[in-house]
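Reconstruct the complex from the two isolated chains, following the hints.
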Amino acid sequence: DVKVTQSSRYLVKRTGEKVFLECVQDMDHENMFWYRQDPGLGLRLIYFSYDVKMKEKGDIPEGYSVSREKKERFSLILESASTNQTSMYLCASSSSGNPNEQFFGPGTRLTVL
Amino acid sequence: QKEVEQDPGPLSVPEGAIVSLNCTYSNSAFQYFMWYRQYSRKGPELLMYTYSSGNKEDGRFTAQVDKSSKYISLFIRDSQPSDSATYLCAMSAYNNNDMRFGAGTRLTVKP
Chain A
2 DVKVTQSSRY
12 LVKRTGEKVF
22 LECVQDMDHE
32 NMFWYRQDPG
42 LGLRLIYFSY
52 DVKMKEKGDI
62 PEGYSVSREK
72 KERFSLILES
82 ASTNQTSMYL
92 CASSSSGNPN
102 EQFFGPGTRL
112 TVL
Chain B
908 QKEVEQDPGP
918 LSVPEGAIVS
928 LNCTYSNSAF
938 QYFMWYRQYS
948 RKGPELLMYT
958 YSSGNKEDGR
968 FTAQVDKSSK
978 YISLFIRDSQ
988 PSDSATYLCA
998 MSAYNNNDMR
1008 FGAGTRLTVK
1018 P
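Chains A and B, in that order, give the protein sequences. Okay, so the first sequence: first residue is 2 according to the numbering used here, each after it adds one. Okay, so the second sequence: first residue is 908 according to the numbering used here, each after it adds one.
It should be emphasised that the hints constitute simulated quantities derived from the structure, not laboratory data. Heads up, a few of these hints could be off.
Computed list of lysine to aspartate or glutamate pairs in EDC-like fashion (alpha-carbon distance at most 20 Å, straight line) [as the list claims (entries may be wrong)]: (1) B:K909 with A:D60; (2) A:K72 with A:D29; (3) B:K949 with A:E70; (4) B:K949 with A:E102; (5) A:K54 with A:E70.
Covered, in the sense of this in silico footprint (three residues per stretch, anywhere, with C-beta under 8 Å from a C-beta of chain A), are these stretches of chain B [stated by the list, open to error]: (6) 923–936; (7) 944–953; (8) 1007–1014.
C-beta: ideal position from N, C-alpha, C; glycine also.
Extracted from the complex, chain B is given alone in its bound form (with noise of 0.2 Å):
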């Protein structure tokens, strides 16, 4: 099994919809969550950033953990085509350099 599952689609949704993207992890010990948006021909960059449990917003994102399911989740609003891109979620124990990445979901949103 791995540490981090991610579906990875590919998921295509109509422009304003809303998108839910998701990872599973089997590390209890996971504390620190990003997500990673990864344009075509490009390095990823990141997009969100939470520690522990709870949500965070920004913008049309909205970052979601859950800690005793092991799940977090990606929600973007009013989708727009340049949010098309792979998402990947990354996880660690600890604030150090050992991130451990999902496979990515790869988002087309269709105008």
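Only chain A is shown next, with the shape it has when bound in the complex (with noise of 0.2 Å):
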């Protein structure tokens, strides 16, 4: 059964601290994605890499950095988390051959007081 996993389900974070959450994937995949879901707004891509090392910007990159030093991990960095930031948190991977068919992990509430 393929896999997408994320660190935590739930976590809460204190303004200005620095927040990793992490994403790892067993299908061998190429591309990983960070989204955050937010009501009425759907998904929203922060960043994607399509290979160990790249990294490309997303629609709403700023306040966020990635980290992908192994193909099957993708790690989101909140340099200083902001109340703006609280959100579902969703990783997702693809194929170089089927980018569009993307598999998701379970996503993580992110709360930040």
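Put into structure tokens, the structure is as follows:
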């Protein structure tokens, strides 16, 4: 059974803290994505990576950075968390042969106080 | 105007009903159309994937694309309580990493 796993289901952090969200996939996919999901706004792409150490900005990269040191792992970093980053964060992966077929993790509900 | 518009609902129907979920879009370059289903506290999972115009059927689910009207639909026949979920449409111009999602429609099927 193919899987995308995320390090935490729920996370509570304080304003100004550095936050790490980790994602691991076991499908040997080239592409990995980080989205945030907010009511009424759907999924918005933060960053994606199409190869190890490669990254591309999505629609809302401000306040975030990413790291991909290994093919199976993609990390999202909030350098200094703010309350407007309270959201559901979803990681996804897809193969280079069929990038539209994305497999999602269960999500991390992040609350910044 | 959002690139992809989707009525968030919520939509509540009795078991056995036919459900129609819809999205409209503004970018005429879109040619790949997807429907994802998201159960509560889970990530989305791909349900249907179509290219260009036309219909695609998979069991009780039918995806329909009308590019001339920039309108896509997902029909669920004989709806079941297990179909209760949020349904997100997604689309892209190319088979690449740039997908646009609708906001999702929350569906409840009551026994």
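Comparing the hints with the structure gives:
Simply put, B:K909 and A:D60 have alpha-carbon atoms about 13 Å apart, close enough for the 20 Å limit, and the pair holds. A hinted pair counts as satisfied when its Cα atoms are at most 20 Å apart, and A:K72 with A:D29 qualifies at roughly 7 Å. The straight-line distance between the Cα atoms of B:K949 and A:E70 is roughly 26 Å, outside the 20 Å bound, and the hint therefore fails. Restraint check for B:K949 and A:E102: the C-alpha separation of about 17 Å stays at or below 20 Å, so the hint holds.
For the proposed pair A:K54 and A:E70, the alpha carbon gap of about 6 Å is at most 20 Å, so the pair holds. Coverage of a stretch by a chain is defined here by at least three residues with a beta carbon nearer than 8 Å to that chain's beta carbons; for the stretch 923–936 of chain B and chain A the count is 0, and the condition is violated. Interface restraint, the stretch 944–953 of chain B with chain A: holds (6 residues with C-beta to C-beta distance below 8 Å; minimum three). Under a criterion of three residues with beta carbons nearer than 8 Å to beta carbons of chain A, the stated coverage of the stretch 1007–1014 of chain B is upheld, 4 such residues being counted.
Violated hints, listed in ascending order, are 3, 6; each of the other numbered hints is respected by the structure.
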